[in-house]
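Participant: Sequences listed follow chains R and L, in order. Each residue of the first sequence is one higher than the one before, starting from -7 at the first, in our numbering. Each residue of the second sequence is one higher than the one before, starting from 4 at the first, in our numbering.
One thing to keep in mind: the hints can contain errors.
As the list claims (entries may be wrong) - The list that follows gives simulated cross-link-like pairs (lysine to any residue, SDA-like), each with its CA atoms no further than 20 angstroms apart:
#1 LYS53/L / ASP48/R
#2 LYS30/L / VAL123/R
#3 LYS19/R / LYS30/L
#4 LYS69/R / SER105/R
#5 LYS104/R / ASN70/R
#6 LYS69/R / ASP32/R
#7 LYS104/R / CYS22/L
#8 LYS67/R / ALA97/R
Just so you know, the hints here were simulated from the structure itself, not pulled from any lab data.
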Amino acid sequence: MSVTEQEKKYIEEIVEAKFKELMSGRKRRMAIIASKGTLDMAYPPLILATTAAAMDIECSIFFTFYGLDIINKNKNKNLQVPSLANPAMPVPMPNIIGALPGMTAMATMMMKSWMAKVNVPSITDLLNIAVETGVKMIGCQMTMDVMGTKKEDLIDGIEVAGAAAYLEYAAEADITLFV
Amino acid sequence: MEKRGNKPDEVLDCRKLSCPVPVLKTKHAISKLEIGGILEVICTDPGSVKDIPAWAKQSGQELLEIVHEDSHYEFFIKKIK
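One chain only, chain L, in its complex shape (with noise of 0.2 angstroms):
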């Protein structure tokens, strides 16, 4: 899939960090950022795919893009409240 170019203001390396430790340092990442700013979430728990778009539902932010490279996940999260 190719790069919608989103960039990121803060990076979180979840990389090798199985379910719920991925969601869990998100909500934290997200919390820190400013309204509007973008996170960048880079998985490499296969599980992430479902879990962090529905994390993303249900705690109202908006879930930009999802890349799937060859050896990770990329989640591209823009914080709305």
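Chain R extracted, bound-state conformation (with noise of 0.2 angstroms):
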């Protein structure tokens, strides 16, 4: 059976047609990893899927391994910004007193303090908003076996789910990011 060209377009036509059709009913959709547990590592995970909540994105972070620890309440406040190994921090530090006792303290500190002076909201205020915004937030199981964290060490409003989970709704995802 051979098709004709006006068939072919007929056909394209159709389907780009439903394509459209299916399209513009279906939000989009971000799909994101946070799996660091250090103080700046937690704000990109929150910055980008409270922001995406507010231009219409639907969006879902799943916290594994050190990352569970940004929505772990007995921890989420005391997240660290570590001294040693980072070329990158704004007093450069030699590796050798960034491992001294108390240096990850400081450098968490002086973080802070830059971070207030330029009205950075807090990790807790973006976990809050991205909790009312309806940002999907996924807690690793195995993780939590692995590291002996129960469901009620966790903030409100967390489900907790596996790997298949997590790519289930990346699958349909638009954006997707390791953090």
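Can you join these two chains into the complex? Each is in its own frame, and there are hints to help.
Facilitator: Shown next, in the form of structure tokens:
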């Protein structure tokens, strides 16, 4: 059976119209993995997720490994900035000094004071906004088992799931990020 | 730049706030307006010059005007939907 040019054009038109119809009813989507538990790496996923929510982009963050600390209510107020092996520190610090006791606390204190100066919201503020604006936040079940973290240790509004649940969401996403 | 005389229904002061707060507050303020209403957002964050237009484009609102003052920026946004 051969298809004439006219029929081919007709089929293409129908397919294109159907595609547009399906796409127009669908919200754009972003899927982020947050895998780091330092203060500096807690910001990017939360800033992007809350901004996405403000831009009508559906968003989910999957918190895994050290990233789980961001949603751990016992730990997320004490996230630190590493002073060691961080050549980008605004005050350059040789590793031998960065390794001294108390240097991580000092680097964290400095970072927090700089952030306060320019009114950067705190991690807690951003988490509250994320929950309010409907950002889907997922805690990694496997990490929780490894670290001995219980569901009660996590902030309210968290789902607990595994890799397949993240991938199911990410497979339909327009933007995927690993932080 | 001379003002085109947009009369805002609401004014949102985001002075001294940094990314992403002005965008989040703008979204919140716009959601409370009636369709056709105009929101004025005042920002000092230099990043907002790119961020607010990007937000407006993505969320389907109309950015009427950006006024660059010496000390701040003013954005006039009309609620479309």
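Participant: Each hint should be assessed against the structure and marked as holding or not.
Facilitator: Status of the hints after comparison with the structure:
| no. | hint | verdict |
| --- | --- | --- |
| 1 | LYS53/L / ASP48/R | 18 angstroms, holds |
| 2 | LYS30/L / VAL123/R | 16 angstroms, holds |
| 3 | LYS19/R / LYS30/L | 17 angstroms, holds |
| 4 | LYS69/R / SER105/R | 15 angstroms, holds |
| 5 | LYS104/R / ASN70/R | 11 angstroms, holds |
| 6 | LYS69/R / ASP32/R | 13 angstroms, holds |
| 7 | LYS104/R / CYS22/L | 16 angstroms, holds |
| 8 | LYS67/R / ALA97/R | 14 angstroms, holds |
In summary, this structure violates none of the numbered hints.
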